[in-house]
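One letter stands for each residue in the lines below.
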Amino acid sequence: MKDTKTMLRFYTIADFREEEIWLREEHRNGWKLTKMRPPCFFRFERCEPEDVIYRLDFKNFSGNSDYFQMFADYGWEYVSSCLGWLYFRKPAAEVTEENEGEIFSDTATKLDMIGHIMKTRMLPCLVILLCCVLPYLCYAVEEGDAIGYVVFFSVLSVAYLYLVLYCGVKLFRLKRELETGKY
Amino acid sequence: MDSKIKRIYVPMTETGFYILFCLQKPQHGYGIGQMVKEMTDGEVSISPGTMYGTLAKMEKDGLIVFCHEENKRKLYRITELGREVLDTEIRRIERLYRNSREGFV
Numbered sequence: 000m001k002d003t004k005t006m007l008r009f010y011t012i013a014d015f016r017e018e019e020i021w022l023r024e025e026h027r028n029g030w031k032l033t034k035m036r037p038p039c040f041f042r043f044e045r046c047e048p049e050d051v052i053y054r055l056d057f058k059n060f061s062g063n064s065d066y067f068q069m070f071a072d073y074g075w076e077y078v079s080s081c082l083g084w085l086y087f088r089k090p091a092a093e094v095t096e097e098n099e100g101e102i103f104s105d106t107a108t109k110l111d112m113i114g115h116i117m118k119t120r121m122l123p124c125l126v127i128l129l130c131c132v133l134p135y136l137c138y139a140v141e142e143g144d145a146i147g148y149v150v151f152f153s154v155l156s157v158a159y160l161y162l163v164l165y166c167g168v169k170l171f172r173l174k175r176e177l178e179t180g181k182y
Numbered sequence: 000m001d002s003k004i005k006r007i008y009v010p011m012t013e014t015g016f017y018i019l020f021c022l023q024k025p026q027h028g029y030g031i032g033q034m035v036k037e038m039t040d041g042e043v044s045i046s047p048g049t050m051y052g053t054l055a056k057m058e059k060d061g062l063i064v065f066c067h068e069e070n071k072r073k074l075y076r077i078t079e080l081g082r083e084v085l086d087t088e089i090r091r092i093e094r095l096y097r098n099s100r101e102g103f104v
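If you're matching them up, the sequences are chains A and B in order.
Counted from 1, the first sequence has number 24 at position 25 by numbering that gives the first Met the number 0; the numbering is strictly sequential.
Counted from 1, the second sequence has number 91 at position 92 by numbering that gives the first Met the number 0; the numbering is strictly sequential.
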């Protein structure tokens, strides 16, 4: 029986909560995360099945010793990082009150993280969409480029547009839920 | 105190208030968390992401300043500006308390 496995799973920048739930399930099934590899490869190692809470922080830095020490002091084990995301975990048995299972205890700092994702990830994606992808598509159509090429590029553009919209709407909704106290 | 600082920090969140209050003496994030838990009988607990984020923001806004490092833990203390914000908050909370004690007529 193999003791490690690598899985390819695609989560957008707006799906971090789903990702946390999935990692917790994997651990409950006896697979603990050991390493992340960009863009979205998850490396697992076989372990004793256990209920372990996973949390993701978005920082856009690989972390400094002071930051990791703070999380360690609070009982969070640092696992890995990937494209600005930092993965932490803590056994559910160690959580005696609600806040101990969270890495953010107030709305302001949760909103800061979402704001940070929007500014450093969503904005560049939107700029690329508006300034490169769409103008180039229009140009290709106008110039009467080979139909196969235009179709291929259109499909890519639509997929890109869909992703940007999906993330934008989802992040915006998360933000609104936080502001109105529903999350 | 400039109006931007006033807009952001007055009134303050409970988390923010306790962090600033504890930094009247040099302390690191986890130490602050422990002090706050003790002071509030465990009712206010601050998670690490919130602690780290709040300290970074307060340092950037000049309310607190980095003193030194101990075993990879950064210790901070309050500045003049932080003191001014804290005093403003304490006066506001005292007024709140006084008025609520007097009862509603």
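Don't read these hints as lab results, they were simulated from the structure.
Among the clues, some could well be false.
[What the hints assert, rightly or not] Below 20 Å or equal to it, Euclidean Cα-Cα: the simulated EDC-like pairs (lysine to aspartate or glutamate) are: (1) A:118 to A:96; (2) A:89 to A:50; (3) B:71 to A:65; (4) A:4 to A:65; (5) B:36 to B:13; (6) B:3 to B:88; (7) A:31 to A:93; (8) B:36 to A:18; (9) B:59 to A:65; (10) B:36 to A:99; (11) B:5 to B:60; (12) B:56 to A:96; (13) A:58 to A:101; (14) A:1 to A:18; (15) B:5 to B:68; (16) A:174 to A:144; (17) B:36 to A:97; (18) B:71 to A:97; (19) B:36 to A:14; (20) B:36 to A:96; (21) B:36 to A:101; (22) B:3 to A:111; (23) B:36 to A:44; (24) A:34 to A:14; (25) A:118 to A:99; (26) B:56 to A:105; (27) A:58 to B:58.
[What the hints assert, rightly or not] Derived Cβ-Cβ restraints for the label pairs, each shown as a range: (28) A:50 to B:9: 36 to 44 Å; (29) A:10 to B:59: 42 to 50 Å; (30) A:179 to B:24: 31 to 39 Å; (31) A:161 to B:6: 32 to 40 Å; (32) B:61 to A:161: 52 to 60 Å.
[To be verified] Covered stretches of chain B, going by a simulated chain A footprint (3 or more residues, C-beta under 8 Å): (33) 2 to 11; (34) 16 to 22; (35) 84 to 94.
C-beta atoms are modelled at their ideal positions from N, C-alpha and C, and glycine is treated no differently.
For each hint, the structure was consulted:
| no. | hint | result |
| --- | --- | --- |
| 1 | A:118 to A:96 | violated, 33 Å |
| 2 | A:89 to A:50 | holds, 9 Å |
| 3 | B:71 to A:65 | holds, 5 Å |
| 4 | A:4 to A:65 | violated, 32 Å |
| 5 | B:36 to B:13 | holds, 12 Å |
| 6 | B:3 to B:88 | holds, 15 Å |
| 7 | A:31 to A:93 | holds, 17 Å |
| 8 | B:36 to A:18 | violated, 31 Å |
| 9 | B:59 to A:65 | holds, 16 Å |
| 10 | B:36 to A:99 | holds, 12 Å |
| 11 | B:5 to B:60 | holds, 11 Å |
| 12 | B:56 to A:96 | violated, 26 Å |
| 13 | A:58 to A:101 | holds, 16 Å |
| 14 | A:1 to A:18 | violated, 24 Å |
| 15 | B:5 to B:68 | violated, 30 Å |
| 16 | A:174 to A:144 | violated, 42 Å |
| 17 | B:36 to A:97 | holds, 14 Å |
| 18 | B:71 to A:97 | violated, 27 Å |
| 19 | B:36 to A:14 | violated, 32 Å |
| 20 | B:36 to A:96 | holds, 12 Å |
| 21 | B:36 to A:101 | holds, 16 Å |
| 22 | B:3 to A:111 | holds, 18 Å |
| 23 | B:36 to A:44 | violated, 36 Å |
| 24 | A:34 to A:14 | holds, 19 Å |
| 25 | A:118 to A:99 | violated, 28 Å |
| 26 | B:56 to A:105 | holds, 14 Å |
| 27 | A:58 to B:58 | holds, 17 Å |
| 28 | A:50 to B:9: 36 to 44 Å | holds, 42 Å |
| 29 | A:10 to B:59: 42 to 50 Å | violated, 30 Å |
| 30 | A:179 to B:24: 31 to 39 Å | holds, 38 Å |
| 31 | A:161 to B:6: 32 to 40 Å | holds, 38 Å |
| 32 | B:61 to A:161: 52 to 60 Å | violated, 44 Å |
| 33 | 2 to 11 | violated (count 0) |
| 34 | 16 to 22 | violated (count 0) |
| 35 | 84 to 94 | violated (count 0) |
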